[in-house]
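Student: Residue numbers (the numbering used here), protein chains in the order written: chain A, 1 to 331; chain B, 1 to 331.
Note that these hints are calculated values from the structure, not bench results. All values derive from a computational prediction rather than experimental measurement. All C-beta atoms in this analysis are idealised placements derived from N, C-alpha and C, irrespective of residue type, glycine included. Treat each hint with caution, since some may be false.
What the hints assert, rightly or not - Here are the simulated DSS-like cross-link-like pairs (lysine-lysine), alpha carbons at most 30 Å apart as the crow flies:
#1 192/B with 179/A
#2 176/B with 179/A
#3 176/A with 176/B
As the list claims (entries may be wrong) - Ranges of calculated distance between the beta carbons of each label pair, as one might list FRET restraints:
#4 215/B with 143/A: 40 to 46 Å
#5 38/A with 133/B: 57 to 63 Å
#6 38/B with 328/A: 26 to 32 Å
#7 189/B with 284/A: 28 to 34 Å
#8 63/A with 114/B: 44 to 50 Å
#9 325/A with 215/B: 52 to 58 Å
There are 2 protein chains.
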Amino acid sequence: MSEFRRDPITGRWIIVATDTPRGPDDFERERHTRAVATCPFCPGNEAMTPPEIGAVRPVGGAPNGPGWRLRMIPNKFPALRIEGDLNRAGEGVYDLMNGIGAHEVIIETPDHLKDLADLSDAEIEQVIRAYQTRSLDLRGDRRFQYLLIFKNYGETAGASLVHAHSQLIALPIVPKRVKEELQCADHYFEYKDRCVFCDMIQQESDDRERVVLETAEFICFAPFVSRFPFELWIMPKAHAADFGQITEAQIVDLAGVMRHTLQRVKRTLHDPSYNFLIHTAPVTDHIRGEYHWHLEMMPRLTRVAGFEWGSGFYINPTPPEAAANYLRESA
Amino acid sequence: MSEFRRDPITGRWIIVATDTPRGPDDFERERHTRAVATCPFCPGNEAMTPPEIGAVRPVGGAPNGPGWRLRMIPNKFPALRIEGDLNRAGEGVYDLMNGIGAHEVIIETPDHLKDLADLSDAEIEQVIRAYQTRSLDLRGDRRFQYLLIFKNYGETAGASLVHAHSQLIALPIVPKRVKEELQCADHYFEYKDRCVFCDMIQQESDDRERVVLETAEFICFAPFVSRFPFELWIMPKAHAADFGQITEAQIVDLAGVMRHTLQRVKRTLHDPSYNFLIHTAPVTDHIRGEYHWHLEMMPRLTRVAGFEWGSGFYINPTPPEAAANYLRESA
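Let's have the full structure, built from the sequences with the hints guiding it.
Tutor: Shown next as structure tokens:
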């Protein structure tokens, strides 16, 4: 018998195949080609990208030249542009506005052959600090209501360049998925006077069945309502709505959690494509008590089909309890 | 400059790349292999599927033997099972219930080498009649609140068998995507005393810019808020909430519209994978004035990545006005 499960954070239902669960070896494998050729993210090719916004250069060196350990640049083919006004307008039944926003890239390492999973804890800390720096900086622009940090790894996950990088998009509106989380969290808080994420962390930490790893500051678990096989959420254990306020102790801890998690996923699932993203409170609302920032990670092992598009339901062939177990054992 | 656009039916925003639009030849192509081997949907192999629910056999013949023109069967590997009770329960912060539902397959043709696009109008009518028959029959089961009809064509669209088929899933809950449409349509109706879909049809029919084809009964257009390049919606022009009540005249008309649409998509986009689905009112609510059934079709030309998963936003590289133009010209 499969199972319907409802996410208290979004109200979304999923269907979990609990009778014939698929394990790590039951998915197609994908090859990640790493041809260097003329990679715009490689040292020496800095002129192939727009001028950098910032970089980490431990031994100095001029901007837009080599010697960097991490580089922050505008996306050369941005989904949104930073210049201009929104010009909100109606067109009969429709609403529209100009595609204003920021679209930036964080090049995580100068090494063309490494993914985030292969970096040292110190190097991953550097990436997290770059996320924080860019978040805090972009908040200064009053047009932006939301900052979404995400990473696409592998072709199936939508990555167009193989060199390790993350992206940040600043939006003039709060996206629907985040709104849903905010609304459900508000609703839960109103009813219980508690944060739904905090309650979930407590329950997962007590149960342990879906926990992959837990440190002083963070917990990584396969959510009860995993939409995708081997989906993982990483949450700070201390209540905090705003990723931008992450502490130095948390950065150090999170780097280790991310490295261990990514390595286990890579090893257990044969280096799958994956997406991750950070959900945080909207810019103008970053001290709200009801929300709790977190990182969501989805290995891309299955295809989304007509049923999912039509319903918003997801059919997950691997119960999260089994997924967590595979990943715990790969330690 | 790209553009944000908001769907009045769901409240969903999309980003349309209006400055560097991608045309039909700017997407990867996919090969659709049609190996017969031991296809469970081919005549003579009826024993490879569960016993049929119904079939069209113009010259007679026994059930579960050859001679059929269309066959309706339970899915051999169902996402949900028909036997049992829901047993709604809580588990701490989570809600769950048993995976009760129906999951059926409609084999559209005995011909292993044809897709729906290649069938005659009369054969497509037969498929639509099968959708209607199964919808009306499954309504008798009081556990089901929603019936979703959909089709996955091609590997990228999630099809696991190449032989032309559609699917139907009966659900004990109204899915989130449908709920969103119902809520927004209610809200619009409350404000304007008009159906948002009817207003949209009127506007598209007047504008013509996004219309691909229009007949006495139906309109096919690239929606203003296309999530995907070359997404198409087909809507009955007469207001009707319930697909189950489709008339014989509408079936005949719709068959022609579907054939022309699918053929144009196949020709213009080099036989892409696609999904389509029918959105209709919930079973217990099928006479509501605010809703309007319709078919949504999405060729699968792009990949969904971290930004889309994290935001619920879609970035569409082909403006629907351009898509409609390409498809009109392919007539």
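Student: Could you check the structure against the hints above and give me the numbers of any it violates, in ascending order?
Tutor: 6 and 8
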